[in-house]
Amino acid sequence: MSDDHDHHDGNDEHELRVSKIRDGTVIDHVRGGQALNVLAILGIDGSDGEEVSVGMNVPSDRLARKDIVKVEGRELSQDEVDVLSLIAPDATINIVRNFDVVEKHRVERPDVVEGVLSCPNAGCITTSGEPVTSRFTVLEDGVRCDYCGTIVREEIASLIDT
Amino acid sequence: MRHDHLITSKQFSRADIETILDYAAEIDDDPSAVADRHAGTLLGLLFFEPSTRTKMSFETAMKRLGGDVVDMGSIESSSVKKGETLADTVRVIEGYADALVLRHPKEGSATMASEFVDVPLVNAGDGAGQHPTQTMLDLYTIRENAGLDDLTIGIMGDLKYGRTVHSLAYALTNFDAHQHFISPESLQLPREVVYDLHQQDAPGIREHDSLEEILPSLDVLYVTRIQRERFPDENEYQKVAGEYQIDAETLEAASDDLTIMHPLPRVDEIAPEIDETEHAAYFEQAHNGVPVRMALLDLLLSDEAVLGGDDDE
Ligand SMILES: [Zn+2]
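First to last, the protein sequences are chains A and B.
Heads up: the first sequence begins at 1 in our numbering, then just goes up one per residue.
Heads up: the second sequence begins at 1001 in our numbering, then just goes up one per residue.
No false leads were slipped in.
Coverage of chain B stretches by chain A, computed from C-beta distances (three or more under 8 Å per stretch; other residues unrestricted):
(1) 1085-1097
(2) 1106-1114
(3) 1125-1133
(4) 1188-1195
So the derived list for chain A, only partly shown, Cβ under 8 Å to chain B, looks like this:
(5) Gly123
(6) Ser128
(7) Gly129
(8) Glu130
Quick list of the computed label-pair ranges, beta carbon to beta carbon:
(9) B:Glu1026 / A:Val112: 37 to 43 Å
(10) B:Gln1200 / A:Phe99: 52 to 58 Å
(11) A:Asp79 / B:Arg1091: 26 to 32 Å
(12) A:Asp79 / B:Arg1266: 48 to 54 Å
The hints are simulated quantities; they were obtained by calculation from the structure and are not laboratory data.
Being a predicted model, the structure only gives us computed values, none of them experimental.
C-beta atoms are modelled at their ideal positions from N, C-alpha and C, and glycine is treated no differently.
Same shape as in the complex, but just chain B (with noise of 0.2 Å):
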């Protein structure tokens, strides 16, 4: 089936990610080769939650792709203030535009979403659900540093409502990799991520409290904020922040090749003195949103069917 969406990170296999992740190394490296591709294709941005950064790399992707775009402009404005359903919304916008970008609060929103429209539409997150462009960018940045294959990676933070992490869980079970989840114990991963991960045959889960006992035996360590407003009292927020803060005493039993990422923005999860150490990964991890969006984009506003094999129509 080919896919016209891009809604989770599930729908990708092994050989899907693999053309992603090449035709986005091809297009960072000379990006004018597909500067007038999609000349004339309006994209519509529509972000039901603010996230500047994500917007941004969508545009930016766009346009250098030779397109441009559309956006719905902010929530407070729009008709959604009004009480439209998003079930209306897309189909409004959806005669503007070839292609839709959505991020919604509400989990499932890019599934229904996707049920009311023929353009393409992606998912650039869905509440706690998924956000399979990040994913993309993610797998790149790990290809880029650590390999895909024999990989062992930490996943610390915020997992129960991480999104991005949620994503790149699924994703990294196409691959040989095992996959370490570090976290309070009321912030782990939920259950139906669990359950799906032990579906997929994942090579090997773990769940930890802490980073300690794992530090040393990690290629990459994906670090996600712990947002002070998920604990119902400060004193428990208090005695957990501490243990998930990477400083330069923390690496000191981590491999001298460990790669650090994070999807952005930090607060105080990472300290500053990281940045300028061969670990740190997230800028260059930010950066790579625009080149994998422009292969994403261009894959799916060509009619190759690229994405997930044969063409079903």
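The following block holds chain A by itself, in its conformation from the complex (with noise of 0.2 Å):
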């Protein structure tokens, strides 16, 4: 993996070596250190037997150090990937299926998170037992619990709900 040197899109040969899983999604250019929210916001812990490969601190051509990471046998779904977003602005999500990228998307944040973070205010009611989904408004540096508004722009992936 540490011959994985980053290029802009449209070198396949390049795509293939990033992607030699079978079938899944790789998860590339995630900021040096977040591989591990990353599964976390996955719901990824091993548990389920999931092939999951992790590369750390990988040296890149945009970011400097970037994060891989790589999921056999599952392609996100549109709501894991807005998650995604926010701790991994930059990522690129590659679905593979029998060896080839299919698809390459970037992410994109979306306006609204729901019932995937924990607001961070105690005083909060989304916090306090009650049967409410979390809502949280994307702004441009950070999120907004919708019930209370307090604003969260540091850190955001403590906050997944796990």
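Can you join these two chains into the complex? Each is in its own frame, and there are hints to help.
Listed below in structure tokens is the structure:
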């Protein structure tokens, strides 16, 4: 994985090398150090027997150091991609079928994230056992609880409801 | 979109505010004209925090419109004590009442509760969040005493936890109002509120740690209580407490037209010697709660889409 230099789109040979899985998803260009948070967001902890490989702090032209997450046998849903965008805004998602990258997209920040993050405000109604799904509006530089208005700009991954 | 609930002062446009204040003034002039408008209507009062004053004000307003109230009673004796969720409580009381008034210690509680009910819900204070009917009576009082345009207002005290302050500051961004926030550093406006005020392009937002430099330029000084229990140690409290108290001597530097407001109850923020002066507007402010809440309840309970434009149903 250390020879995995980062080139821009269109290098099929390179894509193949990145994507040494048969079917599944390669999440590339994750900011260095965020790979485990990516897995947390996806709810992957290995307990279901998924085949997961993680490269951390791999040299990259675009990000200097990047992480890569490869998940065999799983294609990410749009919801999952949306939430990923909060901690890995530069990520590219490669969907692999039969060793080929069949789809490749950049993440896009959603307007709203529902049911994924929990509000850090202890005085917020969403943290007190009510039958309510958390909802955060995505701001340019953070997320904001739709109920109590608390804004979180740093360590958003720590709010992930696991 | 028509607003069936009254959750935050952010939902009001300038036109909404003017409609409400004009209507409240009409009611104030002749309450008997609306005395039977809501005969047979029941307002459900859900106070999860004690607030006799606000509760009585809503109760009076509803009764003056010809309606009545049902009250869930004290928290100690209610099902809340048994661990019932707020979501369940409002869904049960919704079956008894035509509209609900909610006071709750958690931020966002009114927003959440409104998602579970079909009758109009009024936020009467959600934690450190919002208190929009208080804001309306504050605006009403400001308009009567100083006017809402070309206004320079100082808002002083516990700005961090003071929901009345947050609500008022948002509403004032609809007007040409310069807002000066005066507090000890530890009780400054939450950064969220400052962020929102800047988003609203508020014309003038300034923060100060002392009243002195700004007092002479103020048309209105809105004082809130600094609670002793907010300070980790008594010394810290003693250091700041005196600086945020208003007495006759403080006011020597103020304009003769300065209007002093306070959401009440006060402790020692405003010396009793101020009460008899032309500056004092806080009792008038409290009395204004009834006509303003009558206007708001009438608009919410009527089918007219007055609060916020077109009906989306
Ligand atoms: Zn919250």
